[in-house]
Amino acid sequence: MVEIALKKGLHTTEGAVDLVLEGSLRKGEFAAFFGESGAGKTTLLRMIAGLERPDEGRIVVDSEVWFDSSAGIDLPAAKRRVGFVFQDYALFPNMTVEENLRFALQKGEDPAIVGELMAMVGLEGVAGREPLRLSGGQRQRVALARALVRRPKLLLLDEPLSALDHAMRIRLQDELAALHRRFGLTTILVSHDPSEIFRLCGRLFHLSGGKVVREGSPSQVFVRERIGSSFRVVGEVLAIEPCEMVYLLTVAVGTQIVQIVATESEREGLDVGSRIQIVSKAFHPMIFKLSH
Amino acid sequence: MDETFFSTMVLTFRLAFVTTLILLLIGVPIAYGLATTRSRLKPLYETVVSMPLVLPPTVLGFYLLVAFSPESALGRLLEQLLGFRLLFTFEGLVFGSVLFSLPFMVQPIQAGLQSLPPSLTEAAQTLGKSRLTTLFRVLLPNIKPSLLTGTVLAFAHTVGEFGVVLMIGGNIPDRTRVASIAIYDEVEALNYAVANRYALTLFVVTFAILLLVHLLNRSFVRKV
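Here the protein sequences come in this chain order: D and V. Numbered by numbering that gives the first Met the number 0, the letters in the first sequence go through residues 0 to 291 in order. Numbered by numbering that gives the first Met the number 0, the letters in the second sequence go through residues 0 to 223 in order.
Keep in mind the hints are simulated off the structure, nothing from the lab. As the structure is a prediction and not an experimental result, all values here were calculated from the model. Incorrect hints may have been included.
As the list claims (entries may be wrong) - Computed list of lysine to aspartate or glutamate pairs in EDC-like fashion (alpha-carbon distance at most 16 Å, straight line):
#, chain 1, residue 1, chain 2, residue 2
1, D, 78, V, 70
2, D, 7, D, 98
3, D, 7, D, 55
4, V, 128, D, 108
5, V, 128, D, 98
6, D, 6, D, 108
To be verified - One side of the interface only, derived from the structure: several residues of chain D facing chain V at Cβ under 8 Å:
#, residue
7, 89
8, 92
9, 93
10, 105
11, 107
12, 109
13, 197
14, 282
All C-beta atoms in this analysis are idealised placements derived from N, C-alpha and C, irrespective of residue type, glycine included.
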């Protein structure tokens, strides 16, 4: 059981913002902090780990008080049993993969867990390699395995998959889910990717401007918010050509360029460079499976 | 003559060696402190450490001379309490050189520590490691080029030091007469050949040391 109540004043580009979070997690729950960048997700995670100090609040993990401003308790990060996976992985360049994991052992601890974890995430083949000679996916696995060596009570993941390509992301999401099922670790994931949260998390805190604006299961939160019976995409107009009675718009959507037909009234007010929202009904889409 | 040359050279390098060793011991904690402090007084501390870079050596030497003279309160105290005399002794030279070469050791190490991503320290913390363990097992091993640069700069700078040494050490053969002072002395006496021997030796040794550093640094970089 994890109970969190935190408050911290932040100075952001949009002025002073109070970051506030109150909530609790059941043992073994996989939760997400979701929101735009600058919403305070990472700061919250860092406060839970003890890397940053809240102005006031309380953090209790398995009835162990980690932070309590009214009682003057503030356990340093080294005394909190957390596993933290940093966005840049923070692997120690002077140590091999195995040494990185061994470094995480506490005094007198059985080193057998190092081998077990390496086998579990498929790192035995690169045990003797330095982190700089690993691929992105391998680095991510080392960071995750290293965070698990200490048998943390709480696993904190700060956008752990954001630096990876799509296929690798999907694979690592599956691995994360499998590890979570296996260890039953209470986990908090910071992410701004709804599909990732959908795949992994049972619970979601949607943060905006430092506050939790919505909380619940991903389907509860996202369905009301973003999922409907139509596709909505945002794009930028690259070209407008008249074509018989209508207009042909060339629009950049993400990395794709599409051509769509627009009527005279829709075309009105649009210029090259305009940002537009395209809504299309999803009643009869064609679905193709992609192999990855 | 040969004996004098030899003993002067030994004294010069002994001074540089001892000074560098002491600087490594105190320079790492000072650099770590400066790199991690959040104190508002940080600019003040940095100024104090870097003063010797711009201060004429004779200024520092002069104040040390005044402070350590047996007539001053500090000099008397040192002599009575520790039986220690800093003026015109080897210990005094070491003290002056440590002060004077301090920035050459501290600045590269501080810059090296500050260039490491903060997440390395934070990762070590979340893995339950103390600051000391983090410093010795994570931070210092990852700034080997900076440590090497600091060590070599401090060493070379001490070998070449003249002003401070002359002010507080004088020119006592076998005790405080180092190569840079010997050169000056021999030139004054118009012994250009002897002066050249000292000068050439310093030149060659310094060149060799710096070359070695650059080669070593290249291998560090290549490894990374």
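Now the hints, each set against the structure:
{"no.": "1", "hint": "D:78 with V:70", "verdict": "54 Å, violated"}
{"no.": "2", "hint": "D:7 with D:98", "verdict": "36 Å, violated"}
{"no.": "3", "hint": "D:7 with D:55", "verdict": "7 Å, holds"}
{"no.": "4", "hint": "V:128 with D:108", "verdict": "14 Å, holds"}
{"no.": "5", "hint": "V:128 with D:98", "verdict": "14 Å, holds"}
{"no.": "6", "hint": "D:6 with D:108", "verdict": "36 Å, violated"}
{"no.": "7", "hint": "89", "verdict": "4 Å, holds"}
{"no.": "8", "hint": "92", "verdict": "6 Å, holds"}
{"no.": "9", "hint": "93", "verdict": "4 Å, holds"}
{"no.": "10", "hint": "105", "verdict": "6 Å, holds"}
{"no.": "11", "hint": "107", "verdict": "12 Å, violated"}
{"no.": "12", "hint": "109", "verdict": "15 Å, violated"}
{"no.": "13", "hint": "197", "verdict": "28 Å, violated"}
{"no.": "14", "hint": "282", "verdict": "47 Å, violated"}
In this structure, the hints that do not hold are numbers 1, 2, 6, 11, 12, 13 and 14, in rising order.
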